[in-house]
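Asker: Chain by chain, the residues run as shown.
Number of protein chains: 2
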Amino acid sequence: MDDPHAARAAFRSGTITSTSGWANGFAQANLVALPREHAYDMLLFAQRNPKPCPLLDVTDEGAWRTPLADADLRTDLPRYRVWRNGALVAEPTDVADVWRTDLVSFLIGCSFTFEAALTAAGVPLRHVEQGTVVPMYRTNRLCRPAGGLRGPLVVSMRPVPAELVATAVQVTAQVPAVHGAPIHVGAPEALGIADLAAPDYGEPVALRSGEIPVFWACGVTPQAALAGSDVPFAITHAPGHMFITDIRETAYRSGG
Amino acid sequence: MDDPHAARAAFRSGTITSTSGWANGFAQANLVALPREHAYDMLLFAQRNPKPCPLLDVTDEGAWRTPLADADLRTDLPRYRVWRNGALVAEPTDVADVWRTDLVSFLIGCSFTFEAALTAAGVPLRHVEQGTVVPMYRTNRLCRPAGGLRGPLVVSMRPVPAELVATAVQVTAQVPAVHGAPIHVGAPEALGIADLAAPDYGEPVALRSGEIPVFWACGVTPQAALAGSDVPFAITHAPGHMFITDIRETAYRSGG
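Protein chains in written order, with our numbering: chain V, 2 to 257; chain X, 2 to 257.
It is possible that part of the hints are untrue.
[As the list claims (entries may be wrong)] What follows is a list of derived Cβ distance ranges for each label pair:
hint	chain 1	residue 1	chain 2	residue 2	range
1	X	T16	V	E62	39 to 47 Å
2	V	A252	X	D61	42 to 50 Å
3	X	I17	V	V170	42 to 50 Å
4	V	A91	X	P233	36 to 44 Å
5	X	L143	V	A195	49 to 57 Å
To be clear, the hints were calculated from the coordinates, so they are not data collected in a lab.
Cβ atoms here follow ideal geometry from the backbone N, Cα and C, with glycine treated the same way.
All chains, please: the whole structure from these sequences, using the hints.
Answerer: Now the structure itself:
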């Protein structure tokens, strides 16, 4: 399904799936919506941690529309997460009933955006082959805090054949607005990841002989900061279940 | 004076000058400090207008230090502007006496940062030759507003020999964190600039035969938004009188 309108319509009418591989060539986004009272902290957190939190748009208070797509942020993602007082309380497929007029929505770039470019460059995507949600890990690297928001850097991982690692770096470095180049190549233990088979979010992937685990900064990072924070209410996407925009990935390329 | 510490010490002890050409190779920054109550609007304004407002740092409330330099933001710029209720009320050389504990400081990239690179590439800098403040103009392009902050895009202008325009574009495109590539080349009337000899900030420069006026987005843009706003108190640098950081310009190059 390569049309973003059709993809969102499918999610709106109940299709539940990771959006990796959907609407290839169009930018995908992480969603964090939280009350205006806490929006300054999130905006500052994003400014201070641009690798995991590249902002594509910040809406006006209460708005459920964004210039990024002809869409309704309350219904057009396949799955959401609802947070109360730093605890995950629900994972609904629609948040129209809990939406609040004081919410500010942050749309943050997602590495799924550059997956079509990786595929075009011959880099295989194991989680797409497997039909699973990309594995994500909390690392031992701490983000620079902002007000009440603090937490670890979260990364997504893709196994890359050793001879294609340089290609994967170069392809993704061209798209800094959606996390850009990897932050770490190989040596998961140096990131504090003890077991690649046990991701903190998403599902594990097979790592084959001759493949190196490559790690990109991940837009789930703000969710790790929301967890345990004093933010009384927030809505996010469910990891891997992104907001698909109408903006072509090429619009975010360096020099574009 | 190519040492940033020595430059700031000179300003701290009373030297008043445009900082263009000072501490070559080190990043310079625009300053906007305003009460925490209005900091969200400024942070959102910067996010929505990244060409004129590339954020290098945002301090914690009340802090007069920044990781960008071993410096005191209240004393180490050559000249400041003090704003009350949207009106410019003073241009002191030190703001320690009016500093407030609720101020949040925004440090915004400045095109002076790439002037050493332009010189190295053979592009002449007329305002440096003249020893004057670079000319800046309010344009007919409106920024995307954020809360109470709205206003025109402000640009700086440098005359560039026609055969060096492409060089100037390429050199500056490599430094997106300090405004990056020009937003306009030639045709000032298309930007709503009626008379290049009458800049809104800074001083005019001679435009010689065969030279094209080249326009870069300018960090004075937030000052144009503060003017006439409902922000009760703010401190900024005086146009052309920047904060000199300890960060090398090369740290902000694309791919760096």
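Asker: Determine for every hint whether it applies to the structure shown.
Answerer: Hints, verified against the model:
no.	hint	verdict
1	T16/X to E62/V: 39 to 47 Å	holds (45 Å)
2	A252/V to D61/X: 42 to 50 Å	violated (34 Å)
3	I17/X to V170/V: 42 to 50 Å	holds (47 Å)
4	A91/V to P233/X: 36 to 44 Å	holds (42 Å)
5	L143/X to A195/V: 49 to 57 Å	holds (52 Å)
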